[in-house]
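Chains as they are written, first to last, in numbering that gives the first Met the number 0: chain P, 0 to 243; chain L, 0 to 243.
Because the hints were derived from the structure by calculation, they are not lab data. On a predicted model such as this, the values are computed, not experimentally measured, just so you know. Beta carbons: idealized from backbone N, C-alpha and C, even for Gly. Heads up, a few of these hints could be off.
Claimed, not checked - To give a feel for the contact side, a few chain P residues facing chain L, derived at Cβ under 8 Å:
no., residue
1, Asn12
2, His75
3, Thr110
4, Glu112
5, Leu125
Here's the letter readout for the chains.
2 protein chains.
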Amino acid sequence: MEPTGAAAVIIGNEVLTAKVVDANGPHLIRRLREVGIPLRSLEIVPDEVDVIVEAVARARMRARYVFTSGGIGPTHDDVTVRAVALAMGRKVVRLPEMVALIRQKAVDTLTAEALRLADAPEGAVLIAQPGSWYPVLTVGDVFLLPGVPQLFRSQLDAVLARLRGTPVYLRVLYLNQGESAVAAVLDRVALDMPHVAIGSYPMFDRTLDYVVKVTVESEDTAAVETAMLRLQAGLPVGSVVRTE
Amino acid sequence: MEPTGAAAVIIGNEVLTAKVVDANGPHLIRRLREVGIPLRSLEIVPDEVDVIVEAVARARMRARYVFTSGGIGPTHDDVTVRAVALAMGRKVVRLPEMVALIRQKAVDTLTAEALRLADAPEGAVLIAQPGSWYPVLTVGDVFLLPGVPQLFRSQLDAVLARLRGTPVYLRVLYLNQGESAVAAVLDRVALDMPHVAIGSYPMFDRTLDYVVKVTVESEDTAAVETAMLRLQAGLPVGSVVRTE
Numbered sequence: 000m001e002p003t004g005a006a007a008v009i010i011g012n013e014v015l016t017a018k019v020v021d022a023n024g025p026h027l028i029r030r031l032r033e034v035g036i037p038l039r040s041l042e043i044v045p046d047e048v049d050v051i052v053e054a055v056a057r058a059r060m061r062a063r064y065v066f067t068s069g070g071i072g073p074t075h076d077d078v079t080v081r082a083v084a085l086a087m088g089r090k091v092v093r094l095p096e097m098v099a100l101i102r103q104k105a106v107d108t109l110t111a112e113a114l115r116l117a118d119a120p121e122g123a124v125l126i127a128q129p130g131s132w133y134p135v136l137t138v139g140d141v142f143l144l145p146g147v148p149q150l151f152r153s154q155l156d157a158v159l160a161r162l163r164g165t166p167v168y169l170r171v172l173y174l175n176q177g178e179s180a181v182a183a184v185l186d187r188v189a190l191d192m193p194h195v196a197i198g199s200y201p202m203f204d205r206t207l208d209y210v211v212k213v214t215v216e217s218e219d220t221a222a223v224e225t226a227m228l229r230l231q232a233g234l235p236v237g238s239v240v241r242t243e
Numbered sequence: 000m001e002p003t004g005a006a007a008v009i010i011g012n013e014v015l016t017a018k019v020v021d022a023n024g025p026h027l028i029r030r031l032r033e034v035g036i037p038l039r040s041l042e043i044v045p046d047e048v049d050v051i052v053e054a055v056a057r058a059r060m061r062a063r064y065v066f067t068s069g070g071i072g073p074t075h076d077d078v079t080v081r082a083v084a085l086a087m088g089r090k091v092v093r094l095p096e097m098v099a100l101i102r103q104k105a106v107d108t109l110t111a112e113a114l115r116l117a118d119a120p121e122g123a124v125l126i127a128q129p130g131s132w133y134p135v136l137t138v139g140d141v142f143l144l145p146g147v148p149q150l151f152r153s154q155l156d157a158v159l160a161r162l163r164g165t166p167v168y169l170r171v172l173y174l175n176q177g178e179s180a181v182a183a184v185l186d187r188v189a190l191d192m193p194h195v196a197i198g199s200y201p202m203f204d205r206t207l208d209y210v211v212k213v214t215v216e217s218e219d220t221a222a223v224e225t226a227m228l229r230l231q232a233g234l235p236v237g238s239v240v241r242t243e
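Given only the sequences and the hints, what does the whole structure look like? Please build it.
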């Protein structure tokens, strides 16, 4: 079976060493949910070629679309292009169209290092970005986004405009009884209806009028409603505070 | 060589589907940095046994200490104990001391499902937590922390109080020239001093008086100072706005 959905690889020593809090992962998660592309996994790895190679290869096994964040640039710690190329068994080549863009942009200040931005895995395609000279670098279904949050967001928008997702239908039950008291019925319905994702989240906030939040979701609206009916029939009488 | 440092596995469909923003990953990153335990990687995976098994096995290859977050509880989506046991080649057993704690806590409301909280990989050790009846579940150097942020934090404190880290010495250079102009000298020092981690972060905020932040760090203070001197000698004249 061909993999579906997306997987993310966040490349960032600065994140793992607590110098910055990663904003790109949470943003990507939210945007993928909005467009209805399921996210299979998200991995934060250091700026080390071999670790990135493995993470990208794994992401490609798990998901159709792979998003990387960071490690794009002209310095020694920018190793994402090389790692993605290795993970895909491709050479790194210099893209003439990118060289032209960089020469145009950096007329007076062109250095040998600046031209490293034109390096890409062989077969890479540039997606033009409205409002920016800098295109999105893509290879197959791998999207190499920059780590700087403003750039990450605008490039992600350019990518997502081209992908098609399937919206997920979500319903929620709020319960006034703990997980131990409701686990048996949740288990039964989850087991009988494997295509409906049922999540159970205990809350430890006494200001709420519920102690467990149960989520029921699927692309199949009818299946979600059937699961809701089965849950409501099986849960202890009076335990459902409300549904959404 | 024995692995050092830590690796994290966040188990959470709710995070990957954007129902909640993960707070435990960022908190763990910050706390590990404070105590001086380097974090090798952080992976967010769904509540699926096989994916968690792989992630935990990988984390154990990469790092000495493994922290998991989430999937601890009595419902069908709580599969962390089983996955960690599989990743470590151990059976799941019921811990008599945990059964006793649960019976004591849930005198009137004890269900068969509640007792699932007493299941653990064989050889597990419980670390008592001040101020809570619920101990930290550990197996070897794997710490199975709950996903609820309040519980995650207090359990993490109990664990970190027992581990020893090595503080990292960090210095920073703020530069008024772009990465392309300074990449050559950064590369040279990074290549010559592989035990000093040099990071380069472009900033795209015109309200700042610098455009690139360079971090220089190591457990070896003298090596960091040597790298700082070499960088300052090699960087373009007048490009260093200030150092920290």
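So, going through the hints one by one against the coordinates:
1. A least Cβ separation of about 6 Å between Asn12(P) and chain L falls short of the 8 Å threshold, and the interface hint therefore holds.
2. Contact between His75(P) and chain L, as hinted, is supported at the beta carbon level, the nearest pair being about 4 Å apart and thus within 8 Å.
3. For Thr110(P), the suggested interface contact is upheld, since its CB lies about 5 Å from the closest CB of chain L, less than 8 Å.
4. Interface hint at Glu112(P): satisfied, since its Cβ lies 4 Å from the closest Cβ of chain L, which is below the 8 Å cut-off.
5. Violation of the interface hint for Leu125(P) is found here, the shortest Cβ-Cβ separation to chain L being roughly 19 Å, above the 8 Å cut-off.
Checked against the numbered hints listed earlier, the structure breaks hint 5 alone; every other hint is satisfied.
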